[in-house]
Amino acid sequence: MSCPDCKSAAARRDLVKSARMVTIGNPNTGKTTLINALAGSDLKVGNWPGTTVERLEATLRLPGKELLLVDLPGTYSLSPTTPEEALAARELLANPPDVVVNVVDAGNLERNLHLTLELAELGLPVVLAMNLMDEAAAKGYTLDPAALEKELGVPVIPLVASRGAGIEKLLGSLDQARVPALQVRYPGALESAVRELASRLEHPARRWIALALLAGEEVPLELDPAVQEFARSRRAELERAGIDPYLEIENARYTRAHELAQRVLVGSEPRLTLTDRVDRWVLHPLLGGPIFLLGMLLAFRFTFLFSTPWVDFIGGLQEVLAGWIRALPLPPLAVSFLADGLIGGVGTVISFAPVLFFLYLALAFLETSGFLARAAFIADRMMLLAGLPGRAFIPLILGFGCNVPAVYATRVLTGRLDRLRVAMAVPFMSCSARLPVFVLLAAVFFPEQASLVVFGLYLLGMMVGLLTAWLIGRAAGAAPSSGLMELPPYRLPAARVVLKQAWARTRSFLTGAGGFITLAVVVIWALLNLPPGTDMTHSYYVLLSSALKPLFAPLGVDDWRLLGALIPGFVAKEVVAGTLALSYLGAEPSAALGLLQGLGQIIAGFWSSVLATLGAVPALFGLPQLVPPAADEPTALQLALASAITPAAALAYMVYVLLYTPCVATLAAIRHEFGRGWALIAVVYELIVAWLLAWGAYRLALIWLGA
Amino acid sequence: MRRLADLPEDTPARIRALKTPPLLRRRLLALGVRPGAEVRVVRRAPLGDPMEIAVGDTLIAIRHAEAAGVELEE
Chain A
0 MSCPDCKSAA ARRDLVKSAR MVTIGNPNTG KTTLINALAG SDLKVGNWPG TTVERLEATL
60 RLPGKELLLV DLPGTYSLSP TTPEEALAAR ELLANPPDVV VNVVDAGNLE RNLHLTLELA
120 ELGLPVVLAM NLMDEAAAKG YTLDPAALEK ELGVPVIPLV ASRGAGIEKL LGSLDQARVP
180 ALQVRYPGAL ESAVRELASR LEHPARRWIA LALLAGEEVP LELDPAVQEF ARSRRAELER
240 AGIDPYLEIE NARYTRAHEL AQRVLVGSEP RLTLTDRVDR WVLHPLLGGP IFLLGMLLAF
300 RFTFLFSTPW VDFIGGLQEV LAGWIRALPL PPLAVSFLAD GLIGGVGTVI SFAPVLFFLY
360 LALAFLETSG FLARAAFIAD RMMLLAGLPG RAFIPLILGF GCNVPAVYAT RVLTGRLDRL
420 RVAMAVPFMS CSARLPVFVL LAAVFFPEQA SLVVFGLYLL GMMVGLLTAW LIGRAAGAAP
480 SSGLMELPPY RLPAARVVLK QAWARTRSFL TGAGGFITLA VVVIWALLNL PPGTDMTHSY
540 YVLLSSALKP LFAPLGVDDW RLLGALIPGF VAKEVVAGTL ALSYLGAEPS AALGLLQGLG
600 QIIAGFWSSV LATLGAVPAL FGLPQLVPPA ADEPTALQLA LASAITPAAA LAYMVYVLLY
660 TPCVATLAAI RHEFGRGWAL IAVVYELIVA WLLAWGAYRL ALIWLGA
Chain B
0 MRRLADLPED TPARIRALKT PPLLRRRLLA LGVRPGAEVR VVRRAPLGDP MEIAVGDTLI
60 AIRHAEAAGV ELEE
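As they're listed, the protein sequences go chains A and B. FYI, numbering that gives the first Met the number 0 numbers position 228 of the first sequence as 227, with every residue one higher than the one before it. FYI, numbering that gives the first Met the number 0 numbers position 66 of the second sequence as 65, with every residue one higher than the one before it.
In silico DMTMM-like links for lysine to aspartate or glutamate, alpha-carbon gap of 20 Å or less:
| # | chain 1 | residue 1 | chain 2 | residue 2 |
| --- | --- | --- | --- | --- |
| 1 | B | K18 | A | D243 |
| 2 | A | K168 | A | E65 |
| 3 | B | K18 | A | E238 |
| 4 | B | K18 | A | E247 |
| 5 | B | K18 | B | E37 |
Hints listed in this document are in silico derivations from the structure and should not be mistaken for laboratory results. These numbers were taken from a predicted model, which means no experiment stands behind them.
Turn these sequences into a full structure, and let the hints steer you where they fit.
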């Protein structure tokens, strides 16, 4: 039998079985698309240990060998400016791979080759994947990859990864990976200092380490203190001679990268690119603002319109399961625990999965398409008022839908402090679960100005949120966040990677935050149903609600039923209105379900969710419903509420519901992303802020409305 | 002293020096904004700030306050 691979197998023998290969490149070089093409369905998405930085990994099975492929975070240079970039340098130094695939943008060689020259100084075997050849051609560039191959002494493979072009050739060239022959020469005194310092180091990356030390960089390695001391003295010497090592090094690298790029670029007839044409509209002085708002609206509606039917389906599923449990011959307390506590808790967790999944799809599309950077560019001036970068706009606006995905959306920001500041502001954005309470109370107490009151509450939440972000920034004493970022070319994301990433991130929520949420639901269940054998009016719930009275007396709210509704509101804000109905009007009996009846309901629910998802497509482009529908006749609940408190107290109650504690799922998200301490701070801070502002609203309303 | 912050649109200029805080300088250098490079202002954002600049083949958003530290050759 003929074997086409046998001939090259001998040449590949120098690669050990299961060798490690990493991909590294500047952001926006189509690296993810390339990995998708390389890895196929084998792609695994996870996190770098101890971080929230995403890590892509795959095992490539090639004839005669296995390759473990690990993707390093996109980085412009190995002198990091963000934690993500620091990770790339640390990994290369601590865990030198067998092969480095350096992905470069063929249409932006000079900046991309800067990183290649750093890799040469690291002494690692490199293959250059010259991606996006199609875009370079569209720009009017004629390139000569062979010239670069000759200069660098490593395989240079032209690619269009989105179409899979060049992938085979890239795989075939891996065993010809070499340490680039080309080294940057630094000006006189600097070069001799580099050599002298490098000769005192043992590491294969000694030249890069020497340069980093002279530039005053942190090197993520254990180094001999004597060497470090020597580096410091040489650095001081250079500075005394009027040389700025960092700048000189960067300059020399760029100059060399420029020369290289010039040699590869054999022809250039500049043409208007797709990006130029699209940006003319998207960043237009007058149309840019409206297009930005429309895009945000579309992302918002995509997330919530497509997920709502599935959230409803999960709710229906919960009811069916609870119905089945009620049909079991168990003591009432056990039935209640299983049906309401456990299934309620797990159901709450799972009901967030569709929202997060569609959010992550929307975010990945915005990010990879290049639209996110434009949105940030347009919104930057507004966000600067709160000392935030433009990208902060995205999580904040998502917060109006649901705070949980909004907390995770803070990942679009770079830098932990900015992420944290926005995450602490997010819970003040009035999510859709709070609207029913506002509509209910506003219709009872402010029938003429209901819309205005609701709108005012949204505005108040936003202002408190931005102020919070600003305050944390001030308290941390950090320099104002930077607006500096690349505006990458417009591109279509690789569907399979986006789907896999969205699923991996959703799964990470389910496992990382699920237990905490379920536990909280069970605790609330216990409050409502214990001690055993009592009805609700004698439960711990009522005891606790009544104990809250003195605390809320200054706000004019002294009805235990209103105060009690705040407690389950901690689990999910949508239950506040439901609990009010329950405590004012009494419970509706919930029925037991037969097996077949339940199955019928599940199937019907699934089908109607499919239909509703499809039906959401036209609604995506429809106008949003800004005014809540007005109730015709006052309901029994509204009449009961009207006699319970005064309008001023109702306003205070609404302000309190708007601002008090993030719901448990949001807290779980904050804890998952930023740790337990910050989740705790969020609760305490928001309880205090809510009380103070509700008190303020009450006093103002008393003056304005009369006692 | 000519500064990037004041450069009119579509008027190419050459960068002379980066008089910015260290972290910003590093970020600028990482993106290819370096002394000797040619820079052009593509447009300003609808609200007047930030602005979009082109350095080589890279398009970059930069705030007015940040661009004030980028000095240009006369």
